[in-house]
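*Asks:* Residue-level listing of the chains:
2 protein chains.
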Amino acid sequence: MSAPRPRQMHLGLFILGTGSHVAGWRQPGAVTSFEDMAAIREIGATAERGLFDLIFMGDNLYADPAAHPSYTSRLEPLTMLSALAMSTSRIGLGATASTTYGDPFSVARAFASLDHISAGRAAWNAVTTANAVSAANFGRDHPDHSQRYAIAEEFVSVVRGLWDCWDDDALVADAASGLYIDPAKVRSLDHDGAFFQVKGPLNISRAPQGQPVILQAGGSAPGQRLAARTADVVFSVVQDLGEAQAQYAAFKAQLPAFGRRAEDVTMLPGVMPVVGRTEREAFDRLAALQGFLSDSNALQLLSDRFGTDMSVYDLDGPVPDIALPDSYHSFAGVMLAKARREGLSLRDVYNLMGAARGHWVLCGSAEQVADTLQHWFESGAADGFNVMPPFFHEGFSDFVDLVVPILQERGLFRAAYEGATLRDHLGLDRPARGVWPARLAAS
Amino acid sequence: MSAPRPRQMHLGLFILGTGSHVAGWRQPGAVTSFEDMAAIREIGATAERGLFDLIFMGDNLYADPAAHPSYTSRLEPLTMLSALAMSTSRIGLGATASTTYGDPFSVARAFASLDHISAGRAAWNAVTTANAVSAANFGRDHPDHSQRYAIAEEFVSVVRGLWDCWDDDALVADAASGLYIDPAKVRSLDHDGAFFQVKGPLNISRAPQGQPVILQAGGSAPGQRLAARTADVVFSVVQDLGEAQAQYAAFKAQLPAFGRRAEDVTMLPGVMPVVGRTEREAFDRLAALQGFLSDSNALQLLSDRFGTDMSVYDLDGPVPDIALPDSYHSFAGVMLAKARREGLSLRDVYNLMGAARGHWVLCGSAEQVADTLQHWFESGAADGFNVMPPFFHEGFSDFVDLVVPILQERGLFRAAYEGATLRDHLGLDRPARGVWPARLAAS
Chain P
1 MSAPRPRQMH
11 LGLFILGTGS
21 HVAGWRQPGA
31 VTSFEDMAAI
41 REIGATAERG
51 LFDLIFMGDN
61 LYADPAAHPS
71 YTSRLEPLTM
81 LSALAMSTSR
91 IGLGATASTT
101 YGDPFSVARA
111 FASLDHISAG
121 RAAWNAVTTA
131 NAVSAANFGR
141 DHPDHSQRYA
151 IAEEFVSVVR
161 GLWDCWDDDA
171 LVADAASGLY
181 IDPAKVRSLD
191 HDGAFFQVKG
201 PLNISRAPQG
211 QPVILQAGGS
221 APGQRLAART
231 ADVVFSVVQD
241 LGEAQAQYAA
251 FKAQLPAFGR
261 RAEDVTMLPG
271 VMPVVGRTER
281 EAFDRLAALQ
291 GFLSDSNALQ
301 LLSDRFGTDM
311 SVYDLDGPVP
321 DIALPDSYHS
331 FAGVMLAKAR
341 REGLSLRDVY
351 NLMGAARGHW
361 VLCGSAEQVA
371 DTLQHWFESG
381 AADGFNVMPP
391 FFHEGFSDFV
401 DLVVPILQER
411 GLFRAAYEGA
421 TLRDHLGLDR
431 PARGVWPARL
441 AAS
Chain D
1 MSAPRPRQMH
11 LGLFILGTGS
21 HVAGWRQPGA
31 VTSFEDMAAI
41 REIGATAERG
51 LFDLIFMGDN
61 LYADPAAHPS
71 YTSRLEPLTM
81 LSALAMSTSR
91 IGLGATASTT
101 YGDPFSVARA
111 FASLDHISAG
121 RAAWNAVTTA
131 NAVSAANFGR
141 DHPDHSQRYA
151 IAEEFVSVVR
161 GLWDCWDDDA
171 LVADAASGLY
181 IDPAKVRSLD
191 HDGAFFQVKG
201 PLNISRAPQG
211 QPVILQAGGS
221 APGQRLAART
231 ADVVFSVVQD
241 LGEAQAQYAA
251 FKAQLPAFGR
261 RAEDVTMLPG
271 VMPVVGRTER
281 EAFDRLAALQ
291 GFLSDSNALQ
301 LLSDRFGTDM
311 SVYDLDGPVP
321 DIALPDSYHS
331 FAGVMLAKAR
341 REGLSLRDVY
351 NLMGAARGHW
361 VLCGSAEQVA
371 DTLQHWFESG
381 AADGFNVMPP
391 FFHEGFSDFV
401 DLVVPILQER
411 GLFRAAYEGA
421 TLRDHLGLDR
431 PARGVWPARL
441 AAS
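Those sequence lines, one after another, are chains P and D. First residue of the first sequence? That's 1 in my numbering, and the numbers climb one at a time after it. First residue of the second sequence? That's 1 in my numbering, and the numbers climb one at a time after it.
Derived by calculation from the structure, the hints in this document are not laboratory data. In this text, all values refer to a predicted model and were calculated from it rather than measured experimentally. Glycine included, every Cβ here is placed at the ideal spot set by N, Cα and C. Errors might be hidden in some of the hints.
[To be verified] Stretch by stretch, here's where chain P covers chain D in the computed footprint (C-beta under 8 Å, at least three residues):
1. 137–143
2. 315–321
3. 341–348
[Unchecked claim] Chain P is nowhere near these chain D residues, computed Cβ spacing over 10 Å in every case:
4. ALA23
5. THR32
6. SER87
7. ASP103
8. ASP167
9. ALA262
10. ARG280
11. ARG430
12. ALA442
[As the list claims (entries may be wrong)] Which residues of chain P face chain D? A few of them, derived with a C-beta cut under 10 Å, are:
13. SER70
14. ARG109
15. HIS191
16. PHE196
17. ALA249
18. PHE251
19. ALA253
20. LEU255
21. THR278
22. GLU281
23. LEU299
24. LEU301
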């Protein structure tokens, strides 16, 4: 009788622009355009070689060269992930789509389509779109934070309802009788809510995963509630272990109220690993990356993240006691808390933000990085990690080639894909038709 | 000195569901699901082997198993074409997106993305969405015909404007200086119109084709005007040569009023070829296909196409003198005209509609089919054809393997792709930045 296998770690690759370091594209040899499908194919191949659970693409709905230059121009997520579906065969594919600036019929349809195209690897990262600048591209007023989450709650319910309009075996295509679809196995949704009226059914049959996977990253209380009620995977923003443990415990504690178990949702804190063959090599690399930061965009980046004009403050002075506005990024709250704990200057905060936009930076030898990830994973801080490479390709392939094998040796991470779908990788059941709509209606 | 090459024919492959014959999926061995990416890959490979200019995917925004069963379930066009971009290398990729149930920022962005992913092969089939049933999936009232076209005129102008916000060389990515984007080379659109307010710029750089190709198929007077003003390729619905010649002449005559030449727009009448190695084989195949039609959905299909309840009429009686409603398909007008010319019964019309939904059916040996296409092409009826196979794969591969070689032998069709982009295939210049917005503002 073999020993029980230890609990398995899950790994997501976060991609948005040319890497998570604000100036990582300046690294010699780095990918400098996130519109280059050949480079993106290579990133996908590396992630699949590393047996990652999924690739997950963030998004913004506006162009602002000041905030993070390499984020201003990029491929649209659903088209990019659909293309990646063809050059990969096993890895999950997560695309961001907004519940504030989209409509549920189109979103449900597109992700069902991606799930068919990829044979069960689609995931929707549902976001409410924090930045008010987006509104001007859609001729709309930007709803406030609580309104955005009220809309999102209904939006996700409608999408999950649309995904369940078709029975799995509704498409009959019986050439002999001429029956193509069994009409008794397709039903409309007839949703009539506060924000959306959607009749349905969807014009695509039930997805290979039944319901594509839903990802969320909301850090606020309404964001946590939305995730606890509707998400399969949660990304979080943390800066240290204690914070991660507290967030993890608090989030998992919310699940029973929605009829869900702790293991029903995979929680992945974001981490920017800077890996070297030695500790020295890693810190040299981080120093080189930080050397690419410039004062000129420091205050712009801070202003964008904090949702308020920071140029009135001295970059080398203390972090001011600002009130975060409604539209703040969860990064900002985490950073301000850390600054107060550790007495950081505004420049210190900028350096941290520039490195990983507020995410945890983990710098060290491959062994040190693996040790720390294992420690977090085993001490109630994470079900795995959302890996945010500072740049591509080396900034990611080093993690895959140096860190992943150590995690595998320790039995913490798969040595091969064991299933075919993203749900398989995450250890999530394929939900029967009707389960999700009933759960959401009851909660 | 070689003789001048004859004018070249253009070929598009139209795909929507499992084929253009309403019951073509019942053909033994036919593709029975249009959600099967392996089958769609094979269709793309066949079209590229046949050196087609483009694949063009139609769409609907609702599911109605009654109207055309195989159209009810299918992949979403943009995700599907993005996937096809990876399994093909030269053929143009056209996806349908609605100007009534979409927004211009998202549409402009998605097609620019497809153009980057495919290295210059994207085309947008801009439709106004005729069927009012769609509205219920978007919680909206369906605008009437003239309103839809007023919206579409503005929508297309905004999309073309957004595509031109970036100079071709705005993305600098100069690692030495740290300049990623040259801000002087990116500008907002600041559109403030009757239907749309869109600030811009787009969050993706200028497309490889400058402006992705725009396709249109409107048959009404406002549809023709929209196409003459804004489209690069026009699909048309015709039943015979005289009608095609009249449409061709009338459409091309509209172009000078918008500052355009006849050769600036490629006009492709739709044709459903039923090809055999002999004439007998072709007619046997058509008879087999028509044998799959059933009375039960005959009146449903007619009702859908005519936009009015046809079940009150006798299927074997004469075609009634109905007034076409605002939302009619152009198919309906063409069919009614033909029925009056030729004294057809309602069943005759149904048989024609069932065969190709109102499009021209061209049945014969490969030689006969090539002869007829050449005759149309050389007598002022077409710049090429929108090929609508009755079913896949044989219903299409026979055209590629039997008819295309004859057209090539006659010097009417390319023997190899000569350019890399869809614009190259169509013989259209890559427009300089500013040309389209200026033209649309003036017209």
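*Asks:* Work down the list of hints and note, for each, if the structure agrees.
*Replies:* Hints and how they fare:
no.: 1; hint: 137–143; verdict: holds (count 3)
no.: 2; hint: 315–321; verdict: violated (count 0)
no.: 3; hint: 341–348; verdict: violated (count 0)
no.: 4; hint: ALA23; verdict: violated, 7 Å
no.: 5; hint: THR32; verdict: violated, 4 Å
no.: 6; hint: SER87; verdict: violated, 6 Å
no.: 7; hint: ASP103; verdict: violated, 6 Å
no.: 8; hint: ASP167; verdict: holds, 12 Å
no.: 9; hint: ALA262; verdict: holds, 33 Å
no.: 10; hint: ARG280; verdict: holds, 24 Å
no.: 11; hint: ARG430; verdict: holds, 17 Å
no.: 12; hint: ALA442; verdict: holds, 24 Å
no.: 13; hint: SER70; verdict: holds, 6 Å
no.: 14; hint: ARG109; verdict: holds, 5 Å
no.: 15; hint: HIS191; verdict: holds, 9 Å
no.: 16; hint: PHE196; verdict: holds, 6 Å
no.: 17; hint: ALA249; verdict: violated, 37 Å
no.: 18; hint: PHE251; verdict: violated, 31 Å
no.: 19; hint: ALA253; verdict: violated, 36 Å
no.: 20; hint: LEU255; verdict: violated, 31 Å
no.: 21; hint: THR278; verdict: violated, 25 Å
no.: 22; hint: GLU281; verdict: violated, 21 Å
no.: 23; hint: LEU299; verdict: violated, 16 Å
no.: 24; hint: LEU301; verdict: violated, 13 Å
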